[in-house]
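Participant: Residue numbers (the working numbering), protein chains in the order written: chain A, 1139 to 1250; chain B, 578 to 691.
Calculated from the structure, these hints are not laboratory results. Heads up, some of the hints might be wrong.
Said to hold, decoys possible - Among the chain B residues that face chain A by a calculated CB cut under 10 Å, a handful are: (1) L607; (2) S608; (3) G619; (4) A669; (5) G675.
Unchecked claim - Reference listing, derived: stretches of chain B covered by chain A, where coverage requires no fewer than 3 residues with Cβ under 8 Å from a Cβ of chain A: (6) 625 to 637; (7) 682 to 691.
Stated by the list, open to error - Think about it this way: if two alpha-carbon atoms lie no more than 27 Å apart in a straight line, the pair counts; the simulated DSS-like pairs of lysine-lysine are: (8) K1249/A x K1208/A; (9) K1245/A x K1194/A; (10) K1208/A x K634/B; (11) K634/B x K586/B; (12) K1197/A x K634/B; (13) K1195/A x K1245/A.
Keep in mind the model is a prediction, meaning the values are calculated, not measured. Backbone N, C-alpha and C fix where the C-beta goes; we use that ideal spot for every residue, glycine too.
Residues per chain are reported as follows:
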Amino acid sequence: TQLLEQSPQFLSIQEGENLTVYCNSSSVFSSLQWYRQEPGEGPVLLVTVVTGGEVKKLKRLTFQFGDARKDSSLHITAAQPGDTGLYLCAGALVGSQGNLIFGKGTKLSVKP
Amino acid sequence: DSGVTQTPKHLITATGQRVTLRCSPRSGDLSVYWYQQSLDQGLQFLIQYYNGEERAKGNILERFSAQQFPDLHSELNLSSLELGDSALYFCASRRLAGGFGELFFGEGSRLTVL
């Protein structure tokens, strides 16, 4: 059983569309991070959320941490081909050494 | 460039063999993490070292072992390799052992076991 469930697994959309990716768990996390990974490269951090209910914006990307710190979402407005990649959520369980548990990821393809 | 260096980038070997993957963390980072990424399992945490000592273990098989040396570089040893060990192996580093700090990933070592 995956501790962090991401959905959808695959998403193929046209340039200009909006999308939301979800990251859900039954466990409580002290922090949650979103990474983006491109082919042949390692994941790169987009954002860290720490407080329940926290919302962070990064240009066209909006990240939200659930009130109970069990889930998170990533919303992209007006997607562009450059947004194509694998989006991974990663959480540190409460009481852990900060070791991150990753979801399986959402593979996003934005067509021009 | 994350500052984390992994070698080799690609490795092809046969079942039953043993390989060593090497990682140099970012300058100043004391904590090193190893992850395995496969298509069906995603990114799985294997093991963490902090300043030369093992800090946490994840889903690491007994056939696998790792260490972190005094100069902070780390090696992941994979032995008695099986077909299912074929995957991307990532090393990541962070300044401290825990907290909310960013993990900086290397480009990975792609292992193919034939």
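Participant: Output the numbers, in ascending order, of every earlier hint that fails for this structure.
Facilitator: 1, 8, 12
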